[in-house]
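Residue strings, one per chain:
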Amino acid sequence: MARNKRAIPEINAGSMADIAFLLLIFYLVTTTMDTDKGINRKLPPYDEELVQDPPPIKERNIFTVLVNSNDQLLVEDEYLEISQLRAKAMEFIDNNGDGSCEHCKGYGMSNSSDNPDKAVISLQNDRGTSYGMYVKVQNELVAAYEDLRDQLAERDYGRSYREMDPEEDEEIIKEIKNAYPQKISEAEPLNIGG
Amino acid sequence: MAVIKKKKDKALPAVNTSALPDIVFMLLFFFMVATVMREVDLKVAVNKPQATEIQKLERKSLVTYIYAGAPRQKYQDKFGKAPRIQLNDAFASIDDVQAFVIQEREAKSEEERPMMTMSIKADKSVKMGLITDIKLQLRKAQALKINYSSLQPKNVDALYSSEN
Numbered sequence: 464m465a466r467n468k469r470a471i472p473e474i475n476a477g478s479m480a481d482i483a484f485l486l487l488i489f490y491l492v493t494t495t496m497d498t499d500k501g502i503n504r505k506l507p508p509y510d511e512e513l514v515q516d517p518p519p520i521k522e523r524n525i526f527t528v529l530v531n532s533n534d535q536l537l538v539e540d541e542y543l544e545i546s547q548l549r550a551k552a553m554e555f556i557d558n559n560g561d562g563s564c565e566h567c568k569g570y571g572m573s574n575s576s577d578n579p580d581k582a583v584i585s586l587q588n589d590r591g592t593s594y595g596m597y598v599k600v601q602n603e604l605v606a607a608y609e610d611l612r613d614q615l616a617e618r619d620y621g622r623s624y625r626e627m628d629p630e631e632d633e634e635i636i637k638e639i640k641n642a643y644p645q646k647i648s649e650a651e652p653l654n655i656g657g
Numbered sequence: 833m834a835v836i837k838k839k840k841d842k843a844l845p846a847v848n849t850s851a852l853p854d855i856v857f858m859l860l861f862f863f864m865v866a867t868v869m870r871e872v873d874l875k876v877a878v879n880k881p882q883a884t885e886i887q888k889l890e891r892k893s894l895v896t897y898i899y900a901g902a903p904r905q906k907y908q909d910k911f912g913k914a915p916r917i918q919l920n921d922a923f924a925s926i927d928d929v930q931a932f933v934i935q936e937r938e939a940k941s942e943e944e945r946p947m948m949t950m951s952i953k954a955d956k957s958v959k960m961g962l963i964t965d966i967k968l969q970l971r972k973a974q975a976l977k978i979n980y981s982s983l984q985p986k987n988v989d990a991l992y993s994s995e996n
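Taken in sequence, the protein lines are chains A and B. Mapped onto the numbering used here, the consecutive letters of the first sequence carry residue numbers 464 to 657. Mapped onto the numbering used here, the consecutive letters of the second sequence carry residue numbers 833 to 996.
No lab work stands behind these hints, which were simulated from the structure alone. It should be emphasised that the depicted structure is a prediction, and the values quoted were computed from it without experimental measurement. Mixed in with the good hints there might be a few duds.
[To be verified] Mimicking DSSO-like on lysine-lysine, the simulated pairs with C-alpha atoms at most 30 Å apart in a straight line are:
1. B:892 / A:637
2. B:940 / A:500
3. B:953 / B:910
[Stated by the list, open to error] Label-pair restraints from in silico Cβ distances:
4. A:509 / B:890: 22 to 30 Å
5. B:934 / A:479: 45 to 53 Å
6. A:623 / B:843: 53 to 61 Å
7. B:934 / A:507: 29 to 37 Å
8. A:562 / B:935: 51 to 59 Å
9. B:974 / A:474: 52 to 60 Å
10. B:913 / A:510: 31 to 39 Å
11. A:482 / B:947: 34 to 42 Å
12. A:509 / B:957: 34 to 42 Å
13. A:476 / B:866: 24 to 32 Å
14. A:633 / B:945: 40 to 48 Å
15. B:920 / A:510: 51 to 59 Å
[To be verified] Which bits of chain A does chain B cover? Going by a derived footprint, with three or more residues having C-beta under 8 Å, they are:
16. 519 to 525
17. 572 to 586
Backbone N, C-alpha and C fix where the C-beta goes; we use that ideal spot for every residue, glycine too.
Could you build all of it, start to finish, from the sequences and the hints given here?
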């Protein structure tokens, strides 16, 4: 018995570390840690026949944003820089023209939106507009809504809306989303300057 | 003193490396788990646009990618410089998008299908004409959840400068 035991040699594990290192380096090199991020949007469903008689919306409740093929902005018939767009959009959404919105802090102008529920942002671009510009405009419009929601959350709950946990604060998020529903409509692009 | 010094020299022990394989294995397993192997070979150059209001794409298995951009240098002889669409590993035309989406959806299980997200990874210099065509095809294929893949800018002010 004793002889038998002695005969089994110990497996040399000295090179195990080398093998593990080799594999480790392989995975280190092939790993791409990039997390995919982007702006989430929803497309309208496709309808063969165009909707007849779209529901009338008052002119004052529409915030038109046009982008031409030179990436220039025309907002409410006014030439604007991209850096001004967010503030302008927030002013429009938060306007509270008919006084029915209690959480709004707008100026109540007669030529701007009635309340956030009715306010619609209409975005139209040209087929020649660059994708970079389009994303920037989308970003500013989404940011306008997010900023307003942020302000409301700060006032009502003393917390930032952007940093809320989607599961824990589900109710609050729902309520704030309802207070400022995101209404961005996209028209078919023009084809003027391609 | 001299005697003590000598003793110290002799007492210097070898560093115990027997735990090294364990540590390396731990790292190895971490990277093995974290690695996503399904990266397609990009044939178009994609310089993503920048945006601040971005959200993370959860569940990579539910995401389908559509790439758009100018073909890379080595493909330019064959395909020219005009922006093109890439689906999976090959160049595709706009008419292929709808079939591709439907095929991708078929590959997913019934309950996951409504949660499918299309991620549009396009170069920022691509004209909206192409993107609009893609969007129309996606609408026809009933893939309505989309995501404009973009990067978080390091400096927010750079977002408003004209060259970006």
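Consistency of the hints with the structure:
{"no.": "1", "hint": "B:892 / A:637", "result": "holds (26 Å)"}
{"no.": "2", "hint": "B:940 / A:500", "result": "holds (22 Å)"}
{"no.": "3", "hint": "B:953 / B:910", "result": "holds (22 Å)"}
{"no.": "4", "hint": "A:509 / B:890: 22 to 30 Å", "result": "holds (26 Å)"}
{"no.": "5", "hint": "B:934 / A:479: 45 to 53 Å", "result": "holds (49 Å)"}
{"no.": "6", "hint": "A:623 / B:843: 53 to 61 Å", "result": "holds (59 Å)"}
{"no.": "7", "hint": "B:934 / A:507: 29 to 37 Å", "result": "violated (19 Å)"}
{"no.": "8", "hint": "A:562 / B:935: 51 to 59 Å", "result": "holds (53 Å)"}
{"no.": "9", "hint": "B:974 / A:474: 52 to 60 Å", "result": "holds (59 Å)"}
{"no.": "10", "hint": "B:913 / A:510: 31 to 39 Å", "result": "holds (36 Å)"}
{"no.": "11", "hint": "A:482 / B:947: 34 to 42 Å", "result": "holds (40 Å)"}
{"no.": "12", "hint": "A:509 / B:957: 34 to 42 Å", "result": "violated (28 Å)"}
{"no.": "13", "hint": "A:476 / B:866: 24 to 32 Å", "result": "holds (26 Å)"}
{"no.": "14", "hint": "A:633 / B:945: 40 to 48 Å", "result": "violated (24 Å)"}
{"no.": "15", "hint": "B:920 / A:510: 51 to 59 Å", "result": "violated (29 Å)"}
{"no.": "16", "hint": "519 to 525", "result": "violated (count 0)"}
{"no.": "17", "hint": "572 to 586", "result": "violated (count 0)"}
Of the numbered hints listed earlier, those contradicted by the structure are 7, 12, 14, 15, 16, 17.
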